[in-house]
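Residue numbers (the working numbering), protein chains in the order written: chain A, 1 to 525; chain B, 526 to 954.
Please note that the accuracy of each hint is not assured.
Said to hold, decoys possible - Here are the computed lysine-lysine pairs in the DSBU-like style, where the Cα-Cα straight-line distance is at most 35 Å:
#, chain 1, residue 1, chain 2, residue 2
1, A, K512, B, K584
2, A, K512, B, K640
3, B, K587, A, K427
To be verified - A short, non-exhaustive set of chain A residues, derived as facing chain B with CB atoms under 10 Å:
#, residue
4, H280
5, I434
6, G476
Please keep in mind that the hints were generated in silico from the structure rather than gathered at the bench.
Predicted, not measured: the structure shown is a model, and the values here were computed from it.
Note that beta-carbon positions come from the ideal geometry of N, C-alpha and C, so glycine has one too.
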Amino acid sequence: MGGSVKEAAPLPESAGVVIIGAGISGCSIAREVVKYTDDVVILDKETDVADETTKANNAEVHSGIGEKTGTLKQKLNVRGNRLYDEFVEGLGIELKRQGLLIVITPRTLPTSITRWLPKRVVRYVLERVVPRLIMRNGRKKGIPGQTVLTRQEIFDREPHVTRNAIAGVFDPTYGLVSPYKLAMALAENAIQNGARLFLETEVTGIKVEGGAVVSVVTNRGEIRAPIVVNAAGVFADKVADMAGAGGFEIHPRKGASLLFDRDITADYVHSSVAEFRMFHKGHSKGGGAMPTAEGNLQLGPTAIETGDRYDTSISAEEIEEIFDRFYYLLPDFPRSAIISAFSGIRAPTLDEDFIIEPSARTKGFVNVAGIQSPGLAAAPAIAEMVIGILHGLGVPDTRREDFDPVRPAPPRFTELTDEERDSLIEKDPDFGHIICRCETVTEAEVVNAIHGPIPAKNMDMVKRRTRVGMGRCQGGFCGFRCAEIIARERGIPITEVTKDGAGSWVFADETKHLLAEGDAGEAGQ
Amino acid sequence: MISKKKRTPQLAVIGGGPAGLGAALAASKAGIDDIVMIERDIELGGILPQCIHDGFGSKVFKEVLTGPQYAQRYIDEIARTNVEVLLNTMVLELASNRTITAVNSAEGMITIEPKAVVLAMGCRERSRHQVFIPGYRPAGVITAGAAQRDINIEGLMPGRKIVILGSGDIGLIMARRFTLEGAQVEGVYEIMDHPGGLPRNIVQCCYDYDIPLLLSHTVTFIHGKKRVEGVTVAHVDADLKAVKDTECFIDCDTLVLSVGLIPENEISKHAGVTLDPVTAGPIVDERMETTVDGIFACGNVVNVFDLVDYVTRTSEVAGRGAAEYVLAGRKREAPVRVLPGRNVKYVVPQFVSDLGRDIDFYFRVEHPERAVTARVLAGTSPVKSKKHKMVHPPEMLTATATAADIAEAAKAEGRQVDSLLVEVVDSGK
Ligand SMILES: Cc1cc2nc3c(=O)[nH]c(=O)nc-3n(C[C@H](O)[C@H](O)[C@H](O)COP(=O)(O)OP(=O)(O)OC[C@H]3O[C@@H](n4cnc5c(N)ncnc54)[C@H](O)[C@@H]3O)c2cc1C
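Just chain A, with the same shape it has in the complex:
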């Protein structure tokens, strides 16, 4: 058992279960299925797992307080949050329960309401009534452990929060997890237990006979399969339509976030911090300021409807909007410490809820669609729900005895003691060679990523696995070194190394060649 993704390995002819999409949903489901059968194939059109929405979210394991009571996503969020510690066990992934501080400010109630009321009354409502409303709402949703904080208690916890704060509620169950690392670890553990992952494999059609799914057609061949799980994220409606199992529409909604230098903002906030705005328009949970799993601070996200499912751009207006929003909550914000901005696409349906169900029309086809936020937080519960459905469709329901839940995580230099470092360097001197100075990543870690269970083939894949180039210099120092190691390890010319797959070339050519081209051009004229 075990194995790795071979370069352009041929697709198998058939599989018991095919999962379309290697985002957090597809990877969570794969790891759940592989506990019962190793006959599972995961397909993704991109060069890496987690390459779409999953890599571009805010890493928050929400408690579920922000979701509408009675929705599926609210239920799965609360359940997912509760399952999380167990879910990540053995994967070598850190889950931090940093909590959420909900801050009540004078802006919590819109002026359309407050302007009719005496100041004293407004103050009383904000200080006394609103925290209780939040608490009651949390209890109703099954969220444990919330506490009301006074103004002073807010500042004791989070000294940078605006002095306009009136009261707060602390929700200790909020967690943080690196979404792409988690997806990768889940996929790796599934692979280790016999699942097969095929990247750069786009599903272009699904064959249905006699009302049942029979095969999945891709750009690289066809796989027969009696069970197909549609976890295609922003494209889930298109994939469902291929199987005649659609009837819903995904309308992409972009979210942009800003990321800040860890050295400057490490202690800036300790938990996620959000301002509570009642009757505030917009479909994101309002966003907040939060540490990432790696200790950087992030601000965001925005919520903008976009027609383009690949629109991961970020506009000047969006950047300003984020700053404007958070200057109020965190007035002394170190704006110049920004090191990166990114955006991702949410995949809501018109009903704004998850769709997780076997298709009534196409037997063997299961939709996992509309997985917008809190898709990451709900992932364990989504996987739990889907495996229930799959048992009903014929996936064995006795657990494999040989299932190994432990994924061997590759060593990370920064996390080791000096003694551990020394003994590694002695075995492999590349562990003594720092490639990325901002994030302190060694050559050996890069080499391990390139030869890992899901081999890193390009610079972004190496970056996601090792953090090379993620620091404050954003690859200025290590970019070339990283490309050089990829070329060497993969036995390709450095001019063929890409940032993230076809078309994203890094070097145009060797020097002097352009001059030769120019001369030839002139001679020909």
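Assemble the complex: chain A is given as a structure, and chain B with the ligand must be docked to it using the hints.
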């Protein structure tokens, strides 16, 4: 286990660029023979080996050298001393008691406990997001220094059709370099209303090659999902905000950024060294000693100099200062502050520990100005002054005050000097 020897040299120099080389050499000449120099690259010289253009050494050697030539002079001299050079070695941490933790492949984890330390880590380039360029995140957005390295050291072309943002010296030099290599440079765009680089580079790198240099312009969007497919540029108003209806699209496959350098001080911060928010480098005194006793700093880690010659000069001061600290011990007296006055953005050193010495001042103006006098004052009494036909922010101005100059000014003041002021004023006044 790899056999370990803890090093306890008299002096450790962190960084083997021109600053580190100059400091180690000066300390060695001042009588210290137990010096360790730590460099993370495979060779000494810092950024200089990739700077194959000329223009180095005009002040120090009164010659015009290329970067590699300039560096080689020091590397050869270092080879004749006892300085122990650790290449391929990364300093992970410097503690405030001056203990250094480093790592390399040959020895593994290394501990060094020197009597004094010279910080000479240089600077790094500002990246795309520090200047807020919206758009996509494709391949092909690269800093000018990285592009320079790709072409001059690795023999690789980062692109064919180039737009350069920022008219700092490296950006200007790369405009010429790309052109000489057969790439098409569409233009150099500068957000400020004055160029960021030295006048000679504007002439020799842009005008001589018919490369347009557009002031008060910036890039407002990066297009292309996989590789850069173009950029939108726009005129900016007096508040440096892009004017929407001046936006235009430029077809290119590469955006080269020359948007500033930042002293590299992560190690310094950890050691408790106080940084100047304006220079982003350590606050130093006239001997380039930081706020932590026995930790000195020089070159671009202190502030970004325009000429390597000044890097070398400050490094020699730091090297001699460190030697004196090690050999003679040294007590610092009550510090005298050095303050930036009219049209002066900052001054290095930021304070003086001993007025009884010659002091080199380095300072930059805030905005360009004609017919001015730059002067150092003690109270209201002039210590030193110099006339300039024209001053520009990129250009480093210097002044040297001898101990005698200062003593004289103090006498004229009739009291002890408690602060010095550096200002740039209209020569007419
Ligand atoms: C800005 C932002 C912030 C967010 N913050 C949070 C948060 O803090 N907490 C939280 O819980 N949630 C958050 N979310 C939501 C969360 O990111 C998503 O719910 C989650 O990532 C969805 O995962 P997925 O696997 O369903 O979809 P995806 O990650 O999009 O994965 C779908 C995969 O399917 C593949 N695919 C699509 N079509 C095909 C095809 N035809 N053939 C083959 N492969 C195909 C895609 O390439 C992709 O890899 C956020 C979302 C955004 C945009």
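Exercise. Does the nearest C-beta of chain B fall within a distance shorter than 10 Å of the C-beta of G476/A?
Worked result: 5 Å, holds
Exercise. Would the pair K512/A and K640/B pass a check requiring their Cα atoms to be no farther apart than 35 Å?
Worked result: 49 Å, violated
For this session: Using 10 Å as the Cβ threshold, decide whether H280/A counts as touching chain B.
Result: 25 Å, violated
Problem set entry | Hint check: 10 Å Cβ-Cβ cutoff, I434/A to chain B | Since chain B brings a Cβ to about 4 Å from I434/A, closer than 10 Å, the hint holds.
For this session: Compare the distance between the alpha carbons of K512/A and K584/B with 35 Å, and conclude whether the hinted pair is satisfied.
Result: Roughly 34 Å separates the two Cα atoms, so the pair holds.
Exercise. If you draw a straight line from the CA of K587/B to the CA of K427/A, is it 35 Å or shorter?
Worked result: The hint is violated at about 51 Å.
Of the numbered hints stated above, those contradicted by the structure are hints 2, 3 and 4, listed in ascending order.
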